[in-house]
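Undergrad: Just so you know, the protein sequences line up as chains G and S, in that order. Each residue of the first sequence is one higher than the last, beginning at 1 in the numbering used here. Each residue of the second sequence is one higher than the last, beginning at 1 in the numbering used here.
None of these hints come from the bench; they were simulated from the model. Among the clues, some could well be false.
[As the list claims (entries may be wrong)] Cβ-Cβ distance ranges computed for the label pairs, FRET-style:
(1) S/A237 with G/A109: 18 to 24 Å
(2) G/A109 with S/D40: 55 to 61 Å
(3) G/G117 with S/R265: 39 to 45 Å
[Stated by the list, open to error] A few chain S positions that, by computed beta-carbon distances, are all more than 12 Å from chain G:
(4) G66
(5) A120
(6) E136
(7) A145
(8) K156
(9) A163
(10) E211
(11) G217
(12) L219
Since we're looking at a predicted model, the values are computed, not measured. We put the beta carbon where it would ideally sit given N, CA and C, even for glycine.
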Amino acid sequence: MSDSLAGRLAAPPRSTPAPGHQGSSANLADILERVLDKGIVIAGDIQINLLDIELLTIKLRLLVASVDKAKEMGIDWWEHDPSLSSRASRPPRPVEGRPAEADRTEILAEENERLRGELDRLRSALGPAVGEVEREEGTR
Amino acid sequence: MSTREVDVREVNTREAAAGRTPVAAGTGHELTYVYAVGRDDSALRRTVGRLSGVEGHGLRLIDAEGLVALVSTVPSDVFGERALRVLLEDLTALEAIARAHHGVVDAAFAETVVLPLRLATVYSDDSRVVAMLTEERRRFEELLAGLDGHVELGVKVYADPGAAEPAADPPRPAAASAPPSGPGRAYLAQRRARRRRTEDLYRAAGDIAAEATAVAGELARARAVHRPQQGELAGRAGENLTNEAYLVAVGEVDRFRERVGALSRRAPGVHVEVTGPWAPYSFATPDTTGDEVGS
Numbered sequence: 001m002s003d004s005l006a007g008r009l010a011a012p013p014r015s016t017p018a019p020g021h022q023g024s025s026a027n028l029a030d031i032l033e034r035v036l037d038k039g040i041v042i043a044g045d046i047q048i049n050l051l052d053i054e055l056l057t058i059k060l061r062l063l064v065a066s067v068d069k070a071k072e073m074g075i076d077w078w079e080h081d082p083s084l085s086s087r088a089s090r091p092p093r094p095v096e097g098r099p100a101e102a103d104r105t106e107i108l109a110e111e112n113e114r115l116r117g118e119l120d121r122l123r124s125a126l127g128p129a130v131g132e133v134e135r136e137e138g139t140r
Numbered sequence: 001m002s003t004r005e006v007d008v009r010e011v012n013t014r015e016a017a018a019g020r021t022p023v024a025a026g027t028g029h030e031l032t033y034v035y036a037v038g039r040d041d042s043a044l045r046r047t048v049g050r051l052s053g054v055e056g057h058g059l060r061l062i063d064a065e066g067l068v069a070l071v072s073t074v075p076s077d078v079f080g081e082r083a084l085r086v087l088l089e090d091l092t093a094l095e096a097i098a099r100a101h102h103g104v105v106d107a108a109f110a111e112t113v114v115l116p117l118r119l120a121t122v123y124s125d126d127s128r129v130v131a132m133l134t135e136e137r138r139r140f141e142e143l144l145a146g147l148d149g150h151v152e153l154g155v156k157v158y159a160d161p162g163a164a165e166p167a168a169d170p171p172r173p174a175a176a177s178a179p180p181s182g183p184g185r186a187y188l189a190q191r192r193a194r195r196r197r198t199e200d201l202y203r204a205a206g207d208i209a210a211e212a213t214a215v216a217g218e219l220a221r222a223r224a225v226h227r228p229q230q231g232e233l234a235g236r237a238g239e240n241l242t243n244e245a246y247l248v249a250v251g252e253v254d255r256f257r258e259r260v261g262a263l264s265r266r267a268p269g270v271h272v273e274v275t276g277p278w279a280p281y282s283f284a285t286p287d288t289t290g291d292e293v294g295s
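If we strip away everything but chain G, and leave its shape as in the complex, we get (with noise of 0.2 Å):
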């Protein structure tokens, strides 16, 4: 996982939790649920819109529940989104160095069936936003 974005991106070892207040070596995840689904929101007068926060955090769940089990579902907005286009040209990963098990494809079903409920779930919670995405893919 070292070249993949959640390996990168990935929070450092850990061993025992540090006593005392959470700093620098906080877990990533725990600190993006906190500063970006918490906290108290006011109206700045430089605001993101909300959907874009609602959008941003589900990429972000995303990139979290897997890079690689999002590639095979064919997520990999990351690789062409023009705003990360240093990556954009990066070429998709084939998952890799890992032995064919039954046992792992089984896993991966599993985990496939339990992300695209996840995902299901963040597009009835974002409403309407979404719904119009999905009505366009219905007209065809």
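Add chain S to chain G, keeping to what the hints say.
TA: Just chain S now, with coordinates in the frame of chain G:
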């Protein structure tokens, strides 16, 4: 004491920041980034001088009617609306900003109670922050009073089938009792045994998670449920089954850690992690103060 202290570091960091934003709108004015709100307090005043915030910008306080906002002056070509959106989409930059934001909140909260603001709350200038503090004063004061003397602790329960796996040479009871068979059958028996172990593990984990909620509830004032974490960023082997936050009185923190943490030793492959203390991120929003526990 002046509320508009000029930070010397700002000059350098602004220059550094200017070179790294090809997407800048190019207007180049200054904005005010707000991290947290607290009471006007000498401990906070001492602390801000030692801190640096997003992209290394210095910290200062803006005060209004007994409340203060912890802020940095930031350039609009990085924190303006369009630039900010692009910045937050860059995961490396997002991590840096999230950690810096949290670092300020955490350091301030180590001194006194503060209300963490959502990441990237930016105002066009200090007067707008003063207006915000004035407008929200009653709400902020109520929250600060309610959260004073408390911290947030996270409780996450994990099931790790890998760790629950029996050591080398498993007994494989199903395979042993089966009639002599080919490798296919042995394989299936082995898989059945493994599935059974996994089911047992998840049942045990579910019981322990329920107990963690009960034990934590006895010692906490409020509870908030987060989404379970998944994947590499979760930073730990196994599947995160529950992810909760509790508002705990400072005097109860040790007991909370000890009693909830002790559940980790209940079953192999089930781990209970207590994180924190955190600033009360999960309890700082009035309409989502979490469930009051014990009610």
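Undergrad: Going through the numbered hints above, which ones does this structure break? Give me the numbers in ascending order.
TA: Checked against the structure, the hints that fail are numbers 3, 5, 6, 8, while the rest are satisfied.
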